[in-house]
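Engineer: In case you want the letters, here they are:
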Amino acid sequence: MKTKAAAPSEKFRTFALVFSLTAVVVYVLCDLLKLPLFTYHPATGRVEWGHALPRRGEGPVMYWYGWLLTTLIAASVMGLLATLLPERVTRRVPLAALWMLPIVAVPIMAYTLMSFWTK
Amino acid sequence: MDFSVFDYISVNTFWTILFIIHALFAVALLGALTHQAVSVLLPVRAPAAGFMTRFRAVPGAGYATAICVLWVITFLMGAWIYIKYRVYIRIPLERAGFWKTQGFFELKEHLATIGLGLLPAYWYLWKNKAPDYESARKWVTVVLAAFCWFAFLVGHVVNNTRGFGS
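Listed in order, the protein sequences are those of chains A and B. Using my numbering, the first residue of the first sequence is number 1, and each one after it goes up by one. Using my numbering, the first residue of the second sequence is number 1001, and each one after it goes up by one.
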């Protein structure tokens, strides 16, 4: 028997839109405010909570994995919390922000890399 | 008996294979996203005739799930080889003074991550044909395609500058 594919639910709509909007904002803030959940030392495999500086003789540090995890957790929590709100509120999420925020994020992210452009 | 892949191939070969897999997924993603972005920017109203028209005439909705899967796989492969990049590629690039090359690579990582965050909304917009979503669907797709092109080209240039095993 042929069945019609179910459209994603209203709650999924809310989760998806809020997740995506939050992810862009949180990721940019993580980079700007140095907020990785953890710091990874690739030469030694050491993992430290939060923002840690390179250790003498242990090579560079990587914050990107920490920013990524911070972003995924924060966006998931915000998306789930948003599903608890009434539909008349969640329907007000501006769809245009989904593509405008990433475009706005580009020059901000480029600015955070200023040390690379000016050397 | 302990099995180690490094009994059969060198460390450099191993990371080169991973990079090639990452690059191949990126090619597939780039092709799919480009098709989809062109189909929403220049939709075909009449039956297809000619290469460019047929290029624009793809049913974009059918690409959405594949694009999400390809973005995630490409991202995960990139995240894996990023560890080696940081130690074995970036440090020599720093010593050689390729600062702008590294800057663009860092920007590529940022845009790939932002693109990853957009995927749930992107997928939802494509799976719902409501006219209210048409504009957001179009521009989110175009933004993702632009990010993908940027990431692909920067990755290509960085690999030309110093690839795994060089």
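No lab work stands behind these hints, which were simulated from the structure alone. Fair warning: there could be bad hints in the mix.
Said to hold, decoys possible - One side of the interface only, derived from the structure: several residues of chain B facing chain A at Cβ under 7 Å: (1) Val1044; (2) Ile1073; (3) Phe1098; (4) Gln1102; (5) Gly1117; (6) Leu1118; (7) Pro1120; (8) Val1143; (9) Phe1164.
To be verified - Result set (DSS-like, lysine-lysine): computed pairs, CA atoms no more than 27 Å apart in a straight line: (10) Lys119(A) x Lys1129(B); (11) Lys1138(B) x Lys11(A); (12) Lys1100(B) x Lys34(A); (13) Lys34(A) x Lys119(A); (14) Lys119(A) x Lys1108(B); (15) Lys119(A) x Lys1100(B); (16) Lys11(A) x Lys1127(B); (17) Lys1108(B) x Lys1129(B); (18) Lys1129(B) x Lys11(A); (19) Lys34(A) x Lys1084(B); (20) Lys1084(B) x Lys1108(B); (21) Lys1138(B) x Lys1127(B); (22) Lys1084(B) x Lys1100(B); (23) Lys1129(B) x Lys34(A).
Since the model is a prediction, treat every value here as computed from it, not as a measurement. Even for Gly, the Cβ is constructed at its ideal location relative to N, Cα and C.
Engineer: Broken hints, numbered, in rising order?
Structural biologist: Violated hints (numbers, rising): 1, 2, 3, 9, 10, 17, 23; every other hint is consistent with the structure.
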